[in-house]
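J.: Let chain F serve as the given structure and place chain V on it in line with the hints.
So the protein lines, in turn, are chains F and V.
The first sequence begins at 111 in the working numbering and counts up by one.
The second sequence begins at 111 in the working numbering and counts up by one.
Hints in this document: simulated from the structure, not taken from any laboratory.
Beta carbons are placed, not taken as given, at the ideal position from N, Cα and C, and that holds for glycine.
Hints are not guaranteed to be accurate.
Unchecked claim - Derived list of chain V stretches under chain F, where covered just means 3 residues or more per stretch with a C-beta under 8 Å from a C-beta of chain F:
hint : stretch
1    : 133-142
2    : 414-427
Unchecked claim - Quick partial rundown of chain V residues pointing at chain F, CB under 10 Å, derived from the structure:
hint : residue
3    : L242
4    : D243
5    : L375
6    : G395
7    : L398
Here is how the chains run, residue by residue.
Protein chains: 2
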Amino acid sequence: LSRNVASLALVDRVQAGDPAAVARLISRAESGRAEAREALARIYRLAGNAHVVGLTGVPGSGKSTLVAKLTEKLRAHGRKVGILAIDPSSPYSGGAILGDRIRMTEMAVDPGVFIRSMATHGAIGGLARAALDAVDILDVAGFDTVIIETVGVGQDEVEVARASHTTVVVSAPGLGDEIQAIKAGILEIADIHVVSKCDRSDANRTLVDLKQMLMLGMTGEEPEWTPPVIGTSAISGEGIDELVTMIDRHRRIAFETDSGMIRRLSNAVFRLRKTADNLLLERLGSVLADRGMEFPMRLLRREVDPYSLANELIDSSFPREHAHEQDARSKLS
Amino acid sequence: LSRNVASLALVDRVQAGDPAAVARLISRAESGRAEAREALARIYRLAGNAHVVGLTGVPGSGKSTLVAKLTEKLRAHGRKVGILAIDPSSPYSGGAILGDRIRMTEMAVDPGVFIRSMATHGAIGGLARAALDAVDILDVAGFDTVIIETVGVGQDEVEVARASHTTVVVSAPGLGDEIQAIKAGILEIADIHVVSKCDRSDANRTLVDLKQMLMLGMTGEEPEWTPPVIGTSAISGEGIDELVTMIDRHRRIAFETDSGMIRRLSNAVFRLRKTADNLLLERLGSVLADRGMEFPMRLLRREVDPYSLANELIDSSFPREHAHEQDARSKLS
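Looking at chain F on its own, in the form it has when it is part of the complex (with noise of 0.2 Å):
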């Protein structure tokens, strides 16, 4: 009890703008404890200010370092930024994307960026629960645009595209996987496209061949916005604004029309369906440990298929058929 009141107090100092509260609580969130449902529950309530970014890429892209360069051109227009590295749990990509964020600490001395690391370990999907509720934490802080930045190596980068109000996608030049990554889906999810390390020789490629892409790709089913596709140098700091000026044009689109509505009400159903996927899943888990192995011995066996067994199990503990009557009769009552 006593822990829960402390994390309510979180609240009031994140509200606050209170940098080791918001780290304090996103621990919290991270660790999945129940004595902060109350005071995530009081963040979501209150956030819905922020303007969220996914930004995805292969490893290689030079994602780090263009989130650095975003962000130092976004702190120069005032802009509070909070930064969510998401780590994949593998161990064989952690040291590398590691090694990138340290080039960042600089910034971590100045009270308008927040940098997070994150690790994926056990979501469904790629993106952290716990992810999404730092995001709100750093919204009800007063971070402007938060900026999730995830590797692109599976799932990860359309999870970022359904918990983000605009994504960008970074691609480069001389990496050879640009056709295959558009090929998988890549295309649908980028509301901006930006070509990294543009100083290259090899880069104008690499843009003419995703511009030819995009075009083939083309559906015409959100007139409201065509997916810019914008070459970056962190070298020579080339298309920083411009990238600037298309993320806040984006931000317009996500708040203020229509479709932008969409987005995040498409949003709303993925945070619902994962939060629910995370809670039905963990009570299915404790019906397995009272069922003891009685189960898993007549599969052993194989006096039975797994999916009969499973189905039996649903329906003896989950009984969806019951539930409905029960709905209909409280309803009448």
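T.: What follows is chain V alone, placed relative to chain F:
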């Protein structure tokens, strides 16, 4: 109905070892259609004879080449070998894996070898549900050894261990991430360690490092089996015989000892959990679809937080407490 009958007819042909029937039933399992369910249920009850070997390692560790060499050797011993190559959904690694794969196609003309690539798309945790069905199909078709090859880029390497009797983890010299890989839990899942490319001059250091790490991690929990470290070379053929010997030896552990039974029971728990997870989430999906946009709109307006809303949704649609009462009542009557 007629497709259901056709699927059931496939089971007889699978039992007779018809490779076309094997391929077709795997496709039906992948498509997840209801008409394959009865056939897959029958397959499951018929299966249980094959030795399932999971083989995982980082990209570039030479897994595909090793699988090819291992398969050659198992064929020389008269074994029929089924190979499931699990490709991550990520577009970024697909190309390289497929390239490796092509080198194996000469074996595709041997009726004692069956190779199939499967995507992980959308599967919880990585390993597709259909992959587990495919193992059973190959088992029923008379393949003595079924190799599940996965790329260790996250959850997969842990899942493959929970779906196999024997797990082989492949490392390679010069990749520089052995230590990170070991830290992250690869150590615990391996029944057999392979260091590939042992013709390279830096291979010995990798072997020594790995052995030292393993000594540090020894818990003495499973005295029946100490995971060996085998150096292999696809060029000289070194180590492949030893690998086959160790795989055979571990097969006996899996099928003839108590710890092997516990492992197979834990695999059954995993299989049941995975199937039940999918089924329950499907039901949640249809509950959410029935509810329409009322719940997401409440979330979008920030009237309620995601956790409370998900709780409300699940309590009204999957009432566990009532289920327990009904259970108790039906036991009494």
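J.: All hints are to be evaluated individually against the structure, with a verdict given for each.
T.: Now the hints, each set against the structure:
Coverage of a stretch by a chain is defined here by at least three residues with a beta carbon nearer than 8 Å to that chain's beta carbons; for the stretch 133-142 of chain V and chain F the count is 0, and the condition is violated. Residue count for the stretch 414-427 of chain V with a Cβ under 8 Å from a Cβ of chain F: 12. That meets the three needed, and the coverage hint holds. About 8 Å separates the beta-carbon of L242(V) from the nearest beta-carbon of chain F, less than 10 Å, and the hint is met. Hint status for D243(V) relative to chain F: holds, with the closest Cβ pair at about 9 Å, below 10 Å.
Here the hint on L375(V) is kept, as its CB sits about 5 Å from the closest CB of chain F, short of 10 Å. Against a cut-off of 10 Å between C-beta atoms, the interface hint on G395(V) holds, since the closest Cβ of chain F lies about 8 Å away. Checking L398(V) against chain F by beta carbon gives a least distance of about 6 Å; that is within 10 Å, so the hint holds.
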